[in-house]
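Novice: The residues making up each chain are set out below.
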Amino acid sequence: MSALNEKPNAETLPASSGGAILQDGHYLAPPEDADGKVWVRTTALVQGTPQDLYALWRQVEKAPLWQEHVEEVVVTGVNTSTWTMKYGEKVHTSNSQILADEPGKRIAWSSVDTDPHEAGEVIFEPATGDRGTFVILLMEFRRGKLAAAWESLLGRSPKQRVIEDLRHFKAFAETGEIPHSQTAPHGDRGLIGGMKRSLYGENVPTPAGAVAR
Amino acid sequence: MKAVCWMGTHKIETQTVPDPELVNPHDAIIKITKTAICGSDLHLYDGFIPTMESGDIMGHEFMGIVEEVGKDVTNLKRGDRVVVPFTIACGNCLFCKKKLWAACDNTNPNAHLMEAAYGYSGSGLFGYSHMMGGYAGGQAQYARVPFANVGPLKIESDLPDEKVLFLSDIFPTGYQAAENAQILPGDTVAVWGCGPVGQFAIASAFMLGAGRVIAIDRLPERLALARSLGAVTVDYSENDTDVLTALKDLTGGIGPDSCIDAVGLEGHSTELQGVYDKIKTAVMLETDRPVVLRQAIQAIRKGGTVSVPGVYGGLLDKVPFGAAFGKGITMKMGQTNMHSYMKPLLERIEQNQIDPSYIISHRITLDQAPDMYKVWRDKKENVTKIVIDPWA
Ligand SMILES: [Zn+2]
Ligand SMILES: [Zn+2]
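Here the protein sequences come in this chain order: A and B.
Residue numbering for the first sequence follows our numbering, starting at 1 and increasing by one per position.
Residue numbering for the second sequence follows our numbering, starting at 1001 and increasing by one per position.
Careful, some of the hints might be misleading.
[Said to hold, decoys possible] Some but not every residue of chain A turned toward chain B, in silico, with C-beta under 8 Å:
#1 S157
#2 Q160
#3 I163
#4 E177
#5 D188
#6 G193
#7 V211
[What the hints assert, rightly or not] Covered stretches of chain A (in silico footprint by chain B; criterion: 3 or more residues with CB under 8 Å from a CB of chain B, positions within the stretch not fixed):
#8 166–176
#9 180–187
Bear in mind the hints are in silico, worked out from the structure with no lab data behind them.
Backbone N, C-alpha and C define an ideal beta-carbon position, used for all residues, glycine too.
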């Protein structure tokens, strides 16, 4: 875990942070929300080598295929990119820079001059016994208006969005597609159908992953 | 197309709905030639499984002809005849690699709902609530089948639909139940529930070497089917019949080596249903009625195995865990790892070791399905298994 000494954020992280889950063999609980900052840490066991999974994640222009709400990512430099996000009718653009880039091991990034502020770190660690790779994702948000809008409009908290993004990354990496049932045919939904869809998170469009034809 | 839709507890309607379309590269669209109503569909009918939504298409046992495939489907083509397993598996995740197909990580789009209720999500299922994936079911004229490279079993011979249809669920489910029962040659196996899964558990127990199978039910037609397979039967509805006494009497006082609970959460009893408030509000889960499970744990011999293919949904009250511990029993259970069993069981059908169509009592149309759900729930008309021809 020595690679994690570098901070993924411009801000000071909690003493135990970085995306690390272990320090000197001791389990570290995820950072706690405080001072308007929201922390999310989630992990997935993904079949694939750390190198391949790193490479897939590092292709930021492919993010719209597996990240919720991402419309387009334009690479603007070695470590910079511009992200267009869409929430319902609302379009939001932000710039992102990579702060640390260790091929096959770790990427840390942060948004630049945008509200909400968002920073993240992903770590790729070989699992024991040939079981694949532990992908550990740590994200930090400052809750601006947009974050609140996600929750109220889409029935999905920013925290859950991070969890779903990693789940979709895993499915995309392991199978080349993302499971999808939102367009399933059905009969009359009746009055409470819409409310339930929101409750189940089915109002949030599933990232495409890949096309069928 | 026409489809059988869940419109609320005890409300099933046949409606006209849009045809399914290819969405993902590993999808196939199947024109369904035969489908069936499963015992576990009754849990949806009776409102025990949360996250159903009005309009959802029912059904998870189906077979048909491949109509169209996505660009990455390599082993199927238009015109192929297939049986579709009710669990959807990706083939590539850790669990699929371990052949725990029903535990697939990548096929439930609503995995977060399962995680809230169960800690982790299993695979997606056809037509079995949004918590289990929100996929449209197969009691319809067409269905979209994801991961068609992995799931559907091609039928190359001219065996009639009715002989192979049950490879989509109840035959493998009964077989896995018997396998989970860890039967050794000569063992005595007790099976609660002589519905379709119970029937195939009985047949499979014999295939795996059971010396005696004791079948427990209350319906004469089901008990007769069980006896036709060679089982001895206990009718618990008869006056003076106590199942535990019967099982002791039939095993020299030691109890069955294996007990199979092929009933699940809808075991009949007069007990009131409790509600576990916290979970109920979180995911609308209600507690189950583990009547049969309690009995099986009590009845099993010391060191025996209890196998549970019957569906349980939520939280169980008063399970005799002390008895389970005191006797040192093994319990095995779970959704069927379909993909491991379909091919070997097809071979048994091809070799004439079993003809699964023996359990069919009713052949109906999609329009008759709503009424038949009630007949099936109430076990009227000597019903043992209902098969639907979606084009009749
Ligand atoms: Zn079933
Ligand atoms: Zn899988």
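Novice: All hints are to be evaluated individually against the structure, with a verdict given for each.
Specialist: Okay, the hints, checked on the actual structure:
1. The interface hint given for A:S157 is violated, since its Cβ lies 11 Å from the closest Cβ of chain B, which is over the 8 Å cut-off.
2. Proximity of A:Q160 to chain B holds as hinted, the smallest CB-CB distance being about 7 Å (cut-off 8 Å).
3. This hint holds: A:I163 has a C-beta 7 Å from the nearest C-beta of chain B, less than the 8 Å allowed.
4. Interface hint at A:E177: satisfied, since its Cβ lies 4 Å from the closest Cβ of chain B, which is below the 8 Å cut-off.
5. The interface hint given for A:D188 is met, as the beta carbon of that residue sits about 5 Å from the closest beta carbon of chain B, less than 8 Å.
6. For A:G193, the suggested interface contact is upheld, since its CB lies about 6 Å from the closest CB of chain B, less than 8 Å.
7. Because the smallest distance between the Cβ of A:V211 and any Cβ of chain B comes to about 7 Å, under 8 Å, the interface hint for this residue holds.
8. Beta-carbon proximity to chain B at under 8 Å applies to 6 residues in the stretch 166–176 of chain A; the threshold of 3 is reached and the given coverage holds.
9. With a cut-off of 8 Å between beta carbons, the stretch 180–187 of chain A has 8 residues touching chain B; three or more are needed, and the interface restraint holds.
Going down the numbered hints, you'll see the structure goes against just number 1.
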